[in-house]
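Heads up: the sequence lines are chains A and B, in that order.
Be aware that the first sequence starts at 1, since it is given in this note's numbering, and climbs by one per residue.
Be aware that the second sequence starts at 1001, since it is given in this note's numbering, and climbs by one per residue.
Where hints are given, some of them may not hold.
[As the list claims (entries may be wrong)] Output of the computed footprint for chain B on chain A, the stretches with three or more beta carbons under 8 Å from beta carbons of chain B:
(1) 2-13
(2) 134-144
[To be verified] Computed cross-link-like contacts, DMTMM-like style, restricted to lysine to aspartate or glutamate with a CA-CA straight-line distance of at most 25 Å:
(3) B:Lys1143 with A:Glu48
(4) B:Lys1333 with B:Asp1252
(5) B:Lys1162 with A:Asp154
(6) B:Lys1162 with A:Glu155
Hints listed in this document are in silico derivations from the structure and should not be mistaken for laboratory results.
Predicted model only: the values in this text are computed from it and were never measured.
C-beta atoms are modelled at their ideal positions from N, C-alpha and C, and glycine is treated no differently.
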Amino acid sequence: MRTLVLGLGNELAGDDAAGLLAARAVREDLEGLADVVESGASGIALIEELAGYDRAVVVDAIRTSRRPPGEVVELDLSDLGPPVAPSLHQAGLAELAAVAARLGLPFPARTVVMAVEVVDPYTIGGPMSEPVRRALPELARRIRVQVERWRDEDEAGGAVGGVEEQGARLRGR
Amino acid sequence: MGSEILIDPITRLEGHGRIHIFLDDDGEVDRAYLQIPELRGFETFARGRRAEDMPQITSRICGVCPMAHHMAGTKTLDDLYHVDPPPAATKVREMVYDAFMVEDHALHFFFLGGPDFVVGPSAPKAERNVLGVIGKVGLEVGKEVIGVRKELRGLISDAAGKVIHPVFGLPGGISQPVSPELRDRFAAGAARAVEFGKFALQVFRDVVLSNREYVDLVTSEAYTHRTYYLGLVDERNRVNYYDGRLRVVDPDGAELVTFPAREYLDHVAEHVEPWSYLKFCYLRDVGWKGFTDGVDSGVFAVAPLARLNASEGMSTPVAQEAYEELCSTLGGKPVHYTLATHWARLVELVNAAERMAELAADPDITSPEVRRIPTETPTEGIGVVEAPRGTLIHHYATDERGLITQANLIVATQNNAARIALSVDKAAKALVHGAEVDEALLNRVEMAFRAYDPCFGCATHALPGQMPLIVEVRDPSGTLVRELRRD
């Protein structure tokens, strides 16, 4: 089972660095359990980052202005809406999964998005906001918990995990 | 426009494109414009940093076209340090850059323009997406888009260190020579890319040109703007993406001026509007006459179609043939049909692939002489490349230690901003009467600006969802009479 932790964002743009920094923070702890990749890529281009893994944690910044800054949310593909992006810049994970499935590319059967609510992700050289900075350890902790949960499932016996993984593949793809 | 834009939980960072439409007393459109969020603060951030870090820093500004920023930054350093790279370094840079152009254009044609052209503007909304494109062109083509791209990105990584954030360009050269093995792989990748490009052109003929409805749409007045065009050309006035002089043609196709990148500021100025962060570039030689086209207006365009218009042709044989077909099919140059940009993108794809093959076969390409160490005191530098989305200019000034005192980037979207504004305005005027706004407007306006592929602030690495768009219609008093959201 190959696991990816994919941190997304722009390191130069204030709060937008959150996903990258959280991924970087777990890199050593997860050595041997997951590949940790930091990327500023977007949309369809992310297919190449995700292809070849069985499961993935995608870590990113999100701005809804409806949640308190620094709140960490976990989403899965079904939360992300239908694949209708008309632009590759805006193409979403659900769309990537659908495209990969259609093309027969190996794509994670399980993907969890961990996102932190941010304040200003638009200012180059801008400071990271205090609530987001404080949330980074929690974001990192949740990544570790998720990856370790998958490892524990693997170790608890291939049978249960295996069936579940297969089921997810069949349903999702 | 000071109010905060609310972003739906599933639409992430890049914010909404917001279209503002103002009606006159008769309920007809007075004016319409598109507002897009933009990254801020770059200039302040750059000040005091070492100039030689700029190619790395600027490649991190944008996850979509890091190589374009890296290369523009590198060329700016050559100019800043008054050093000419050895021939092998220049050729390797161009070869790597061409590989980037091919992979970017391939993705765009099929996955970005595809929903409009391959699937079709009148197809049901549920099919107007990437899956619809794959359904129409077939799985093998879809796989080849991904496959070609993967191969080329592997080559770029091996030549430039990293594909996302290259560590490649240095003032006066590049960080490592190309080995004979890597040269052979570039040659093979180029050959595959040329074949892919020819195939893509055939798809365009079969799917788009054979369909009267599409051709009528491309040539319709709603998508036509008679503006000036700007692009880099080589010494024979052929399109080049990496280097050359900037050439401007007028709406009748006559050359207005050709100048080296260094003189950019003498010819292009920026107009500011109160309603947008974005500065609107226009030709100083003609002047700002507002958002209008024609020979008296300094509005110009960049990007694939503009490059073809601004040149006298393509530098390679298959691309030249495709270029001639495009021009003759669409009634001669310059081609003013915005939507023809998608076709021009394919002509360029083949051109960049053929050029990559030429450079891979060049005896200089594996030369170990890839660096000339700068010895001059740095002062001021300007560098230009043609990014996939159009002319990209970096401009740095430093103190005598090489620390940045001033840095400015003029990106493609900024060069195109005035013409994009024209397109939005024209689509709105054609479709909106009174407060009646429906999906057709959204789709049609989207098609207009998607052809330019504007970057919504170089910060777009969106995860989920669709392109978020809000249309606001206001009466002459400024009262909101209708809002259409798609987020």
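query: Hint by hint, which ones does this structure get wrong, listed from lowest number up?
result: 2, 5, 6
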